[in-house]
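Those sequence lines, one after another, are chains A and B. Numbered according to the numbering used here, the first sequence spans residues 1 to 211. Numbered according to the numbering used here, the second sequence spans residues 1 to 140.
Hints were generated in silico from the structure; no laboratory data involved. Check each hint, because a few of them may be wrong.
Said to hold, decoys possible - Keeping only pairs whose Cα atoms sit at most 20 Å apart, straight-line, the calculated SDA-like set for lysine to any residue is:
hint : chain 1 : residue 1 : chain 2 : residue 2
1    : A       : K146      : B       : K50
2    : A       : K146      : B       : V74
3    : A       : K146      : A       : G106
4    : A       : K40       : A       : S22
5    : A       : K79       : A       : G106
6    : A       : K79       : A       : G178
7    : A       : K40       : A       : A206
8    : A       : K146      : B       : Y76
9    : A       : K40       : A       : G106
10   : A       : K40       : A       : R187
11   : A       : K146      : A       : S32
12   : A       : K40       : A       : P171
13   : B       : K50       : B       : T15
14   : A       : K146      : B       : T61
15   : A       : K146      : B       : D13
16   : B       : K50       : B       : V74
17   : A       : K79       : A       : E145
18   : A       : K146      : B       : E14
As the list claims (entries may be wrong) - FRET-style restraints, in silico, Cβ to Cβ:
hint : chain 1 : residue 1 : chain 2 : residue 2 : range
19   : B       : E29       : A       : D53       : 47 to 53 Å
20   : A       : K146      : B       : P28       : 47 to 53 Å
21   : A       : A25       : B       : M1        : 31 to 37 Å
22   : A       : E179      : B       : H24       : 45 to 51 Å
23   : B       : K50       : A       : D53       : 24 to 30 Å
24   : A       : G178      : B       : V25       : 44 to 50 Å
25   : A       : G67       : B       : N35       : 21 to 27 Å
26   : B       : P87       : A       : R187      : 34 to 40 Å
27   : A       : A71       : B       : Y82       : 17 to 23 Å
A virtual CB, placed ideally from N, CA and C, is assigned to each residue, including glycine.
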Amino acid sequence: MANTAALKGINGLREIRRSPASHLAQAMETGSVPGTVVLKEGPFQTMAGVRVDPNSEESARIASVAGGLPARCGEVSGKEGVSVLWLGPSEFLVVAPEEAHDSLGGDLIGSLTAALGDAPGQVVDLSANRTTFELSGPRARAVLEKGCALDLHPRSFTPGTAVSTEVGNIPVALLKTGEESFRLFPRASFADYLGRWLLDAMREFASPEVP
Amino acid sequence: MLLISCPNCGSRDETEFHYGGQAHVSYPENPNELNDREWAEYLFYRDNTKGTFAERWLHSTGCRQWFNMLRDTVTYDIQAVYPMGAPRPSTAVPAAAEAGTASVAADSTTTGTTAPGTSATSTSPGTTKSGITAPEGATK
Ligand SMILES: [Zn+2]
């Protein structure tokens, strides 16, 4: 994603930051079929990996900063602008807009670290660990179903849930953001592969349906 | 493809998991007292059971948690899934209970990301297929 926000990074580094699938931006635009299925890379996010015992005092402190911690697989908690994904019984991914990062005037990482304090656990800045793909449209589910074995039917995969699974044989966190929209979180090194995989899976929807 | 019921996530494809070898191999009480042969047996010697086998699995692309599983090495039937540290459950599990185990675990995730429909449809071909191929591999 190109630099959209007028954010001042430390030492001007924000201006030269380049997202892992930025080289596919043009391909994703031409590969998208408006009204059917659209793929684009999402804007930079601030992400923090949190490991904490969910039954502890420190987890209650972290929950109050993050807007709750999800209790089980699939759940997403959070508050305005912050989502907390369940990755494991004691592992969570906190996702917030880029400007929540401490180097850009926010305080997400710092306040999570302070909430953990000296207690056992960890808060790690993972903002550069993953990128996000936004896949939306009436055929978005059909695209994902080519490479994801989970039941993505709306009766079981509802908006506001997220799972850590495999799409196109690589590990991703898959968040359902709306009835027909999904956000995929692949690791940065998989961004090129997953971007091209999704584009390939979308290709058939650019042609008229064969009856 | 096996369909494995993760205790945290419900039924998932086998490709999301890593195999961890034989379960219940306990660390020696006093490693210093072992002779070389006993130490080598602790490190490297494992059962090669034909039939029900207790083994460890890791849900590596899901919740990244370890668990134990009772699996038949011939038919690939998964007879029980139980937590690390728990004793091996009784092996007197009727074969028909296998599908029941899977669906119970799937239902235990309230998220519904693993619908009973999926587990039912993908279990049958998986079981059938592995049932055909397993005996051949087991004799190698
Ligand atoms: Zn799991």
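Going through the hints against the structure:
1. K146(A) - K50(B): 36 Å, violated
2. K146(A) - V74(B): 31 Å, violated
3. K146(A) - G106(A): It is violated: about 39 Å lies between the C-alpha atoms, which goes past 20 Å.
4. K40(A) - S22(A): Within the cut-off at roughly 10 Å; holds.
5. K79(A) - G106(A): Status holds; Cα separation ~15 Å.
6. K79(A) - G178(A): 17 Å, holds
7. K40(A) - A206(A): At roughly 16 Å apart (the allowed maximum being 20 Å), A206(A) and K40(A) satisfy the hint.
8. K146(A) - Y76(B): 26 Å, violated
9. K40(A) - G106(A): 26 Å, violated
10. K40(A) - R187(A): 16 Å, holds
11. K146(A) - S32(A): 17 Å, holds
12. K40(A) - P171(A): Holds - the C-alpha atoms of P171(A) and K40(A) are around 19 Å apart, at most 20 Å.
13. K50(B) - T15(B): 23 Å, violated
14. K146(A) - T61(B): This hinted pair holds, its Cα atoms lying about 18 Å apart.
15. K146(A) - D13(B): 14 Å, holds
16. K50(B) - V74(B): 6 Å, holds
17. K79(A) - E145(A): 30 Å, violated
18. K146(A) - E14(B): Distance ~17 Å between K146(A) and E14(B) Cα, so the pair holds.
19. E29(B) - D53(A): 47 to 53 Å: With a Cβ separation near 29 Å, E29(B) and D53(A) fall outside 47 to 53 Å, so the hint is violated.
20. K146(A) - P28(B): 47 to 53 Å: 49 Å, holds
21. A25(A) - M1(B): 31 to 37 Å: 35 Å, holds
22. E179(A) - H24(B): 45 to 51 Å: 47 Å, holds
23. K50(B) - D53(A): 24 to 30 Å: 41 Å, violated
24. G178(A) - V25(B): 44 to 50 Å: 48 Å, holds
25. G67(A) - N35(B): 21 to 27 Å: 58 Å, violated
26. P87(B) - R187(A): 34 to 40 Å: 38 Å, holds
27. A71(A) - Y82(B): 17 to 23 Å: Hint holds: Cβ distance 21 Å, inside 17 to 23 Å.
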